[in-house]
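> Modelling step: build the complete structure from the supplied sequences, incorporating the hints.
Residue numbers (this note's numbering), protein chains in the order written: chain A, 1 to 112; chain B, 1 to 117.
Simulated from the structure, these hints should not be mistaken for lab results.
Incorrect hints may have been included.
Unchecked claim - These stretches of chain A come out as covered by chain B in the derived footprint (C-beta under 8 Å, 3 or more residues):
1. 51 to 63
2. 88 to 101
To be verified - Pulled from the structure, derived: some chain B residues nowhere near chain A, Cβ distances all over 10 Å:
3. Lys3
4. Ser7
5. Val12
6. Ser17
7. Ala23
8. Ser28
9. Pro41
10. Gln53
11. Thr69
12. Asn74
13. Lys85
14. Ser88
15. Thr91
Backbone N, C-alpha and C fix where the C-beta goes; we use that ideal spot for every residue, glycine too.
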Amino acid sequence: DVVMTQTPVSLSVSLGGQVSISCRSSQSLVHNNGNTYLSWYLQKPGQSPQLLIYKVSNRFSGISDRFSGSGSGTDLTLKISRVEPDDLGVYYCGQGTQYPLTFGSGTKLEIK
Amino acid sequence: EVKLVESGGGLVQPGRSLKLSCAASGFSFNDYWMGWVRQAPGKGLEWIGEINQDSSTINYTPSLKDKFTISRDNAQNTLYLQMSKLGSEDTAIYYCARGTAGFFDYWGQGVMVTVSS
Numbered sequence: 001d002v003v004m005t006q007t008p009v010s011l012s013v014s015l016g017g018q019v020s021i022s023c024r025s026s027q028s029l030v031h032n033n034g035n036t037y038l039s040w041y042l043q044k045p046g047q048s049p050q051l052l053i054y055k056v057s058n059r060f061s062g063i064s065d066r067f068s069g070s071g072s073g074t075d076l077t078l079k080i081s082r083v084e085p086d087d088l089g090v091y092y093c094g095q096g097t098q099y100p101l102t103f104g105s106g107t108k109l110e111i112k
Numbered sequence: 001e002v003k004l005v006e007s008g009g010g011l012v013q014p015g016r017s018l019k020l021s022c023a024a025s026g027f028s029f030n031d032y033w034m035g036w037v038r039q040a041p042g043k044g045l046e047w048i049g050e051i052n053q054d055s056s057t058i059n060y061t062p063s064l065k066d067k068f069t070i071s072r073d074n075a076q077n078t079l080y081l082q083m084s085k086l087g088s089e090d091t092a093i094y095y096c097a098r099g100t101a102g103f104f105d106y107w108g109q110g111v112m113v114t115v116s117s
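Put into structure tokens, the structure is as follows:
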């Protein structure tokens, strides 16, 4: 199975600040078809996960441009700029390149 | 509006079976892969498996393949998860989600399954 390692486990940021979350995979996430199926999800307290980013850098419908994804191969990053109160929760990366699909263990974002 | 509503959860004794349902609306159900993801209390996300549009392809995470069965009824716009030989390790919130090329774009609110005597 592809192991997804997220860092940090938690982080605290001031409103208006910027954060980066790293997601490293144990194998390359580049599919045979050339696509990289790495996505990012946010699970707000008491809610189900919601899709933020898919295929590394594509923002899902309705997602603010304050969220951006980048990276390649085994090293992927989610950046959140101008942090707002509604951004708090747990962020997960997930890979869909290889079965079984796997997720990172999550990064908890707290607002200072 | 895309809507996914899970049902069928609850308290079940160890070793018993349970079947979850996920009612879909707001999109053309038979055009999409659908999947199940679970989350144990205080833990992260675990992919259970997925099913393609006409049920000809079903993929599972290996550790659950012999216990769980995913199916769908396109006429009823409903996804199912049949769970058997349940143990305490299966206690979790179960989410159904719409699949699109290796990711899940819409998720249900989840249904709690508690395995306990």
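> Which of the numbered hints above does this structure break?
Result: no hint breaks.
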